[in-house]
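Trainee: Heads up: the sequence lines are chains A and B, in that order.
Quick note: the first sequence, position 6, residue 6 per the numbering used here, numbers continuous.
Quick note: the second sequence, position 31, residue 31 per the numbering used here, numbers continuous.
Just so you know, these hints were derived from the structure itself, not from any lab.
These figures come from a predicted structure and were not determined experimentally.
A virtual CB, placed ideally from N, CA and C, is assigned to each residue, including glycine.
Be aware that a few hints might be false.
[To be verified] The calculated label-pair distances, taken between Cβ atoms and stated as ranges, are:
1. A:N67 x B:L83: 36 to 42 Å
2. B:L112 x A:K68: 23 to 29 Å
3. A:E79 x B:E54: 33 to 39 Å
4. B:A38 x A:S26: 17 to 23 Å
5. A:D27 x B:S27: 15 to 21 Å
6. A:T10 x B:T14: 33 to 39 Å
[As the list claims (entries may be wrong)] To spell it out: a stretch of chain A is covered by chain B in this simulated footprint if at least three of its residues, at any positions, have a beta carbon under 8 Å from a beta carbon of chain B; those stretches are:
7. 71-84
8. 104-110
[Claimed, not checked] Here are some, though not all, of the chain A residues that point toward chain B, as calculated from beta-carbon distances under 10 Å:
9. G1
10. V13
11. N31
12. Y32
13. D49
14. R51
15. A91
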Amino acid sequence: GENVEQHPSTLSVQEGDSAVIKCTYSDSASNYFPWYKQELGKRPQLIIDIRSNVGEKKDQRIAVTLNKTAKHFSLHITETQPEDSAVYFCAASNREESSGDKLTFGTGTRLAVRP
Amino acid sequence: ETGVTQSPTHLIKTRGQQVTLRCSSQSGHNTVSWYQQALGQGPQFIFQYYREEENGRGNFPPRFSGLQFPNYSSELNVNALELDDSALYLCASSFPGVETQYFGPGTRLLVL
Numbered sequence: 001g002e003n004v005e006q007h008p009s010t011l012s013v014q015e016g017d018s019a020v021i022k023c024t025y026s027d028s029a030s031n032y033f034p035w036y037k038q039e040l041g042k043r044p045q046l047i048i049d050i051r052s053n054v055g056e057k058k059d060q061r062i063a064v065t066l067n068k069t070a071k072h073f074s075l076h077i078t079e080t081q082p083e084d085s086a087v088y089f090c091a092a093s094n095r096e097e098s099s100g101d102k103l104t105f106g107t108g109t110r111l112a113v114r115p
Numbered sequence: 001e002t003g004v005t006q007s008p009t010h011l012i013k014t015r016g017q018q019v020t021l022r023c024s025s026q027s028g029h030n031t032v033s034w035y036q037q038a039l040g041q042g043p044q045f046i047f048q049y050y051r052e053e054e055n056g057r058g059n060f061p062p063r064f065s066g067l068q069f070p071n072y073s074s075e076l077n078v079n080a081l082e083l084d085d086s087a088l089y090l091c092a093s094s095f096p097g098v099e100t101q102y103f104g105p106g107t108r109l110l111v112l
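Please construct the entire structure, taking both the sequences and the accompanying hints into account.
Mentor: This is how it looks when you write it as structure tokens:
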């Protein structure tokens with residue numbers, strides 16, 4: 001089955017700086033890669049996603065890049081703000097598998113933005 | 001904010017008991033997935049329901065079972081509760097044919 005590794009586990013940046021979180025996946029058949037933000041005690045919220053036919057996607061201060069050959073994808077947050085502080089999870093899925101749209105999650109990155 | 005809702009928000013049970021958790025999917029979503037999130041971990045896929053049928057299952061024992069109803073709402077049932085079942089249980093719904101999953105607020109289960 002799929003295995004997703006996520007690094008770093010914690011990240012502290014100064015407000016206004018950029019933050020980068022990296023994930024690797026094991027199953028070359030995975031074709032959908034979402035990123036979720038989870039604030040303390042709240043639900044995971046989708047912030048951006050990318051499909052395997054695209055190498056990069058951007059939405060305002062957030063961007064995701066995908067390298068299918070190396071089987072890794074990254075989340076980039078620019079001009080960080082204190083409200084970006086949360087736990088971020090990457091995930092991967094393969095719709096062709098028998099497990100439906102099973103999302104396999106990374107272990108999370110706790111991002112702290114220092115004012 | 002998504003329209004996925006879950007009940008109850010919190011629940012305390014003792015080992016060996018049974019529990020039923022409920023999820024109402026967002027309007028128009030006919031696929032519901034359930035995940036278990038232990039403290040400090042990422043969500044783990046339990047199973048998915050599509051048109052009232054189980055459509056994929058993760059590495060969870062048979063004492064984890066589910067249902068989906070004609071209105072696409074869903075239940076997660078856990079029998080013979082164990083201490084390690086203590087976790088946040090999340091459901092997520094999605095549109096037909098779309099991979100994007102939107103999560104509910106979760107039910108926090110504590111097994112004593």
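Trainee: For each hint, tell me whether it holds in the structure or not.
Mentor: Against the structure, the hints:
Separation of N67 (chain A) from L83 (chain B) is about 41 Å and conforms to the stated range, judged on CB atoms against 36 to 42 Å. At about 46 Å, the CB distance of L112 (chain B) to K68 (chain A) disagrees with the hint of 23 to 29 Å. At roughly 44 Å, the beta-carbon separation of E79 (chain A) and E54 (chain B) lies outside the given 33 to 39 Å, and the hint is violated. Distance hint check for A38 (chain B) and S26 (chain A): the Cβ-Cβ separation is about 21 Å, which falls inside the suggested range of 17 to 23 Å.
Between D27 (chain A) and S27 (chain B) the Cβ separation comes to about 32 Å, which falls outside the hinted range of 15 to 21 Å. For the pair T10 (chain A) and T14 (chain B), the supplied restraint of 33 to 39 Å holds, since their beta-carbon distance comes to about 35 Å. Figure legend: the region 71-84 of chain A, annotated as covered by chain B; annotation inconsistent (0 residues with Cβ-Cβ distances under 8 Å, at least 3 required). Under a criterion of three residues with beta carbons nearer than 8 Å to beta carbons of chain B, the stated coverage of the region 104-110 of chain A is upheld, 5 such residues being counted.
Interface hint status for G1 (chain A): upheld, as the beta-carbon distance to the closest one in chain B is roughly 8 Å, under 10 Å. Interface hint status for V13 (chain A): violated, as the beta-carbon distance to the closest one in chain B is roughly 21 Å, over 10 Å. With a cut of 10 Å, the hint placing N31 (chain A) at the interface with chain B holds, because the nearest CB-to-CB distance is about 8 Å. Among the interface hints, the one on Y32 (chain A) holds; its C-beta lies about 4 Å from the nearest C-beta in chain B, closer than the 10 Å criterion.
Against a cut-off of 10 Å between C-beta atoms, the interface hint on D49 (chain A) holds, since the closest Cβ of chain B lies about 6 Å away. Hint status for R51 (chain A): holds, given a least beta-carbon distance of 8 Å to chain B, under 10 Å. Look at A91 (chain A): its Cβ gets to within about 8 Å of chain B, closer than 10 Å, so that hint holds up.
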